[in-house]
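Colleague: Top to bottom, those sequences are chains A and B.
One point on numbering: in the numbering used here, the residue at position 255 of the first sequence is 255, and numbering is uninterrupted.
One point on numbering: in the numbering used here, the residue at position 41 of the second sequence is 41, and numbering is uninterrupted.
I should point out that these hints are in silico values taken from the structure, not numbers from a laboratory.
Keep in mind the model is a prediction, meaning the values are calculated, not measured.
A portion of the hints provided could be inaccurate.
Okay, derived cross-link-like pairs now, DMTMM-like style, lysine to aspartate or glutamate, Cα gap no bigger than 20 angstroms in a straight line [stated by the list, open to error]: (1) B/Lys63 <-> A/Asp303; (2) B/Lys13 <-> A/Asp134; (3) A/Lys131 <-> B/Glu54; (4) A/Lys309 <-> B/Asp11; (5) B/Lys73 <-> A/Asp303; (6) B/Lys67 <-> A/Asp271; (7) B/Lys38 <-> B/Glu3; (8) A/Lys183 <-> B/Asp97; (9) A/Lys309 <-> B/Glu59; (10) A/Lys183 <-> B/Glu59; (11) B/Lys13 <-> A/Glu330; (12) A/Lys296 <-> A/Asp271; (13) B/Lys63 <-> A/Asp314; (14) B/Lys13 <-> A/Asp132; (15) A/Lys309 <-> B/Glu54; (16) B/Lys62 <-> A/Asp303; (17) A/Lys309 <-> B/Asp55.
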Amino acid sequence: MQINGATALIRALEDLGVKRIFGIPGVQNIEIYDALLASHIEHVLVRHEQAAVHMADGYARATGGVGVVFATSGPGATNTVTGIATAYMDSVPVIVITGQVHTTSIGTDAFQEADITTITLPITKHSYLLKDVDALVPAVFEAFYLATSGRPGPVLIDIPGNVAAAETSYHKPSAAPTLPSYKPTIKGNARQVKAAAELIAAAKWPVLLAGGGVVSSNASKEVLALAEQAQIPVVTTLMAKGVLAAAHPLLLGQPGVYGTPQANAALHEADLIIAVGTRFSERATADADHYAPRAKIVHIDIDPAEIGKNIRVDVPIVGDAATVLGALSERLEKTRRPVLQEGESLAATSLPSSSSSPEAPPGVSAEVPVEAPAKAPAEAPAEAPAKAPANNGLYLNTTHRVFSVFNELLKACEDVIITTDVGQHQLWASHLLDASKPRKFLTSGGLGTMGFGMPAAIGAQLAFPESLVVCISGDGSFQMNVQEMATAVDLKLPIKVAIINNHSLGLVRQWQELFLEHRFSHTLLANTPDYVKLAEAYQWQGRRIDTKGEANNLKDNLRWLLKSEGPALLEIVVPTPDLVEPMIKPGGTLTELV
Amino acid sequence: MAEHTLSILVDNKPGVLTRVTGLIARRGYNIESLSVDKTEDPRLSRVTLVTTAEDVPIEQIKKQLHKLINVHKITELTPEDSVDRELALFKVKAATDKRPELIKLTEVFKAQVIDVAADTLTIELAGDHNTIAQLEELLSPYGIVEVARSGKLALPRGNW
Ligand SMILES: Cc1ncc(C[n+]2csc(CCOP(=O)(O)OP(=O)(O)O)c2C)c(N)n1
Ligand SMILES: [Mg+2]
Numbered sequence: 001m002q003i004n005g006a007t008a009l010i011r012a013l014e015d016l017g018v019k020r021i022f023g024i025p026g027v028q029n030i031e032i033y034d035a036l037l038a039s040h041i042e043h044v045l046v047r048h049e050q051a052a053v054h055m056a057d058g059y060a061r062a063t064g065g066v067g068v069v070f071a072t073s074g075p076g077a078t079n080t081v082t083g084i085a086t087a088y089m090d091s092v093p094v095i096v097i098t099g100q101v102h103t104t105s106i107g108t109d110a111f112q113e114a115d116i117t118t119i120t121l122p123i124t125k126h127s128y129l130l131k132d133v134d135a136l137v138p139a140v141f142e143a144f145y146l147a148t149s150g151r152p153g154p155v156l157i158d159i160p161g162n163v164a165a166a167e168t169s170y171h172k173p174s175a176a177p178t179l180p181s182y183k184p185t186i187k188g189n190a191r192q193v194k195a196a197a198e199l200i201a202a203a204k205w206p207v208l209l210a211g212g213g214v215v216s217s218n219a220s221k222e223v224l225a226l227a228e229q230a231q232i233p234v235v236t237t238l239m240a241k242g243v244l245a246a247a248h249p250l251l252l253g254q255p256g257v258y259g260t261p262q263a264n265a266a267l268h269e270a271d272l273i274i275a276v277g278t279r280f281s282e283r284a285t286a287d288a289d290h291y292a293p294r295a296k297i298v299h300i301d302i303d304p305a306e307i308g309k310n311i312r313v314d315v316p317i318v319g320d321a322a323t324v325l326g327a328l329s330e331r332l333e334k335t336r337r338p339v340l341q342e343g344e345s346l347a348a349t350s351l352p353s354s355s356s357s358p359e360a361p362p363g364v365s366a367e368v369p370v371e372a373p374a375k376a377p378a379e380a381p382a383e384a385p386a387k388a389p390a391n392n393g394l395y396l397n398t399t400h401r402v403f404s405v406f407n408e409l410l411k412a413c414e415d416v417i418i419t420t421d422v423g424q425h426q427l428w429a430s431h432l433l434d435a436s437k438p439r440k441f442l443t444s445g446g447l448g449t450m451g452f453g454m455p456a457a458i459g460a461q462l463a464f465p466e467s468l469v470v471c472i473s474g475d476g477s478f479q480m481n482v483q484e485m486a487t488a489v490d491l492k493l494p495i496k497v498a499i500i501n502n503h504s505l506g507l508v509r510q511w512q513e514l515f516l517e518h519r520f521s522h523t524l525l526a527n528t529p530d531y532v533k534l535a536e537a538y539q540w541q542g543r544r545i546d547t548k549g550e551a552n553n554l555k556d557n558l559r560w561l562l563k564s565e566g567p568a569l570l571e572i573v574v575p576t577p578d579l580v581e582p583m584i585k586p587g588g589t590l591t592e593l594v
Numbered sequence: 001m002a003e004h005t006l007s008i009l010v011d012n013k014p015g016v017l018t019r020v021t022g023l024i025a026r027r028g029y030n031i032e033s034l035s036v037d038k039t040e041d042p043r044l045s046r047v048t049l050v051t052t053a054e055d056v057p058i059e060q061i062k063k064q065l066h067k068l069i070n071v072h073k074i075t076e077l078t079p080e081d082s083v084d085r086e087l088a089l090f091k092v093k094a095a096t097d098k099r100p101e102l103i104k105l106t107e108v109f110k111a112q113v114i115d116v117a118a119d120t121l122t123i124e125l126a127g128d129h130n131t132i133a134q135l136e137e138l139l140s141p142y143g144i145v146e147v148a149r150s151g152k153l154a155l156p157r158g159n160w
């Protein structure tokens, strides 16, 4: 039977199990939207295409599935760019299907023509400009396969309006697409796995460094198994938050420029780092040339290009994180291990306890704030300051108190998903809020996209209607996709937004304070909107608290936010000067604090 | 700065060359020369590309190129294990009294005169990079009006 390209597209999406699409129609995807009317696929009408991609991305991060976006040609397509780049940097499978001007008009600067496949070349795993309607269905199946296999990532499909309208027939491909030039390696090389197992068996101060690839590969179970089996302390990057439950005794927290001192010290002193699904970004390594100077490095990643890109590697293993870790655990069973005394664990000895310790390797600085690896800093609010260097009073600063109290309340809730925007509030959230599982803390790590938080929360809430979805935002970031408040209302999604209002682009302001002698060039946001009225305008509930005046109301209002019905917003006014601490000096190694 | 010659088999499809060259430029490499055409299999094209970079190891570029879905195979060709050729066309000023010398030079280099005009000759030479550079040097005192040169073409030596 002959159907048009648009109908064939929708049939393909149905057969691929797509339940939901985020987007905005326009003239060049009007046929696609027309075909969508006959489908059971739900459509989420957003207010800006960037947000559509963040929603699809949040949906994909929360579920492990694929997020799908529709946008029209020209401005619709170009609006998706920041969203696509965000997904690309964090390896999230998102499919963006754009309309394009008619094939006969391509290249003529036609109305709403933009060469979106070229624009997105550096930020997509692959892309298609479909000029032939018969190529459409195979391309859609191939796109899903590419987006979800190997190292996941966004794929763009550009469909000219006349191709969507042209006649074709629908045949569901009987098998998964095979591409001679694309065959991701899943199983790690056995010799390399053996070499890694031997290094683990011989290591005195091993550290397991888990990155976002562990989440993509759903390998948390395997990380936990290996860590417990060999008693290796675990460091989780921002992208891997939740891979180990916050309370797990082997968890040392987050590495890097904004990492926890214990995680950074452990990496700096380690004699072995087993890195899994991480790309050693410069935010995570700080000074790459002096990274982990004593450590041998085992690097497990499905993307061979990540291995050896930023950091020297002793044992490279290309493969899927879960598969390789499973093999490594199995291999380790057969590998001779050092005999442990009763009650002793490698984790306990894995951190030099002080510079005077005879156990400590040479070069351990007395300034390094090293703690016993017993707890993550976020585990108990009252303890957090004890782990930070400049400790005056119970909390490091007012905002720390806000987050610590918030964490207490969130821990009492079941089934919480946290999303963040980008800035100080993001880092406070990553330091001070717990995640008990992977896929429960969604943040733009690689690109650092302000405006990610609320759309991502919408995507996550759609995927998990029963979860408590909380977006931690900033007064700067929130305004970058504020229009999606309307989408949340349309969908009756009870997302909660906490705006940490420090009246500034705080993280940039922090850098200016610390490194540019307090020259605050364009980082102060004196005029923020009245968020309570804004909430009202969008039919949300809204409240404001000021931590200066109403310190005692903090808990009540946070509780109100979490318990409120429907979408709700709480603006929390905090002091502008509060800093994210501790922090590594720009250009410094992991132990050189500001 | 080390020069590397990459022979890259890619899908013969629109936009593929942009993907390859865009990636190389984006990742910090310069493209010194480039040549592309169909192979014995019309579905595939061979891109021969000479590239240099200071900071990024060539391994990294090869790995990144491999990630392009349209890239099938990448071979790095070294002078020892490959043969290569470039083609150059020189249009040279050629007053009547200079013509015999120019034609002599052409013969010595096993080049060919492919166009004769009132006041110029156009000389074609296929050879390796150095031979072409040599001829260019020798021609320049006569006055080179225009030059067109192909990128390097290369294949590994010997059996398959
Ligand atoms: C789209 C975008 N523009 C600019 C930046 C640079 N930037 C990083 S953090 C930041 C400040 C964010 O302000 P806010 O959301 O209020 O967060 P705060 O740091 O104050 O908590 C800025 C401007 C960015 N990350 N993303
Ligand atoms: Mg702010």
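Colleague: Each of the hints needs a verdict: does it hold here or not?
Modeller: Results for each hint:
1. A C-alpha spacing of about 9 angstroms is found between B/Lys63 and A/Asp303, which places the hinted pair at or below 20 angstroms, so the restraint holds.
2. A threshold of 20 angstroms between alpha carbons decides the hint, and for B/Lys13 with A/Asp134 the separation of about 16 angstroms falls inside it, so the pair holds.
3. Proposed proximity of A/Lys131 and B/Glu54 is contradicted: the alpha carbons are some 40 angstroms apart, above 20 angstroms.
4. Proximity of A/Lys309 to B/Asp11 is assessed by CA-CA distance (about 27 angstroms); at most 20 angstroms being required, the pair is judged violated.
5. Of the supplied pair hints, the one linking B/Lys73 and A/Asp303 holds, its CA atoms being roughly 17 angstroms apart against a limit of 20 angstroms.
6. The straight-line distance between the Cα atoms of B/Lys67 and A/Asp271 is roughly 32 angstroms, outside the 20 angstroms bound, and the hint therefore fails.
7. A threshold of 20 angstroms between alpha carbons decides the hint, and for B/Lys38 with B/Glu3 the separation of about 24 angstroms lies outside it, so the pair is violated.
8. For the given pair, A/Lys183 sits about 64 angstroms from B/Asp97 by alpha-carbon distance, which is inconsistent with the 20 angstroms threshold.
9. Under the criterion of a C-alpha separation no larger than 20 angstroms, the hint pairing A/Lys309 with B/Glu59 is consistent with the structure, at around 9 angstroms.
10. A hinted pair counts as satisfied when its Cα atoms are at most 20 angstroms apart, and A/Lys183 with B/Glu59 qualifies at roughly 19 angstroms.
11. A hinted pair counts as satisfied when its Cα atoms are at most 20 angstroms apart, and B/Lys13 with A/Glu330 does not qualify at roughly 45 angstroms.
12. Simply put, A/Lys296 and A/Asp271 have alpha-carbon atoms about 6 angstroms apart, close enough for the 20 angstroms limit, and the pair holds.
13. Simply put, B/Lys63 and A/Asp314 have alpha-carbon atoms about 18 angstroms apart, close enough for the 20 angstroms limit, and the pair holds.
14. Between B/Lys13 and A/Asp132, the direct Cα distance comes to roughly 13 angstroms. Compliance with the 20 angstroms bound is thereby established for this hinted pair.
15. A C-alpha spacing of about 15 angstroms is found between A/Lys309 and B/Glu54, which places the hinted pair at or below 20 angstroms, so the restraint holds.
16. Annotation: proposed proximity of B/Lys62 to A/Asp303 holds, straight-line Cα distance about 13 angstroms (limit 20 angstroms).
17. Between A/Lys309 and B/Asp55 the alpha-carbon distance is near 12 angstroms, which keeps this suggested pair within the 20 angstroms criterion.
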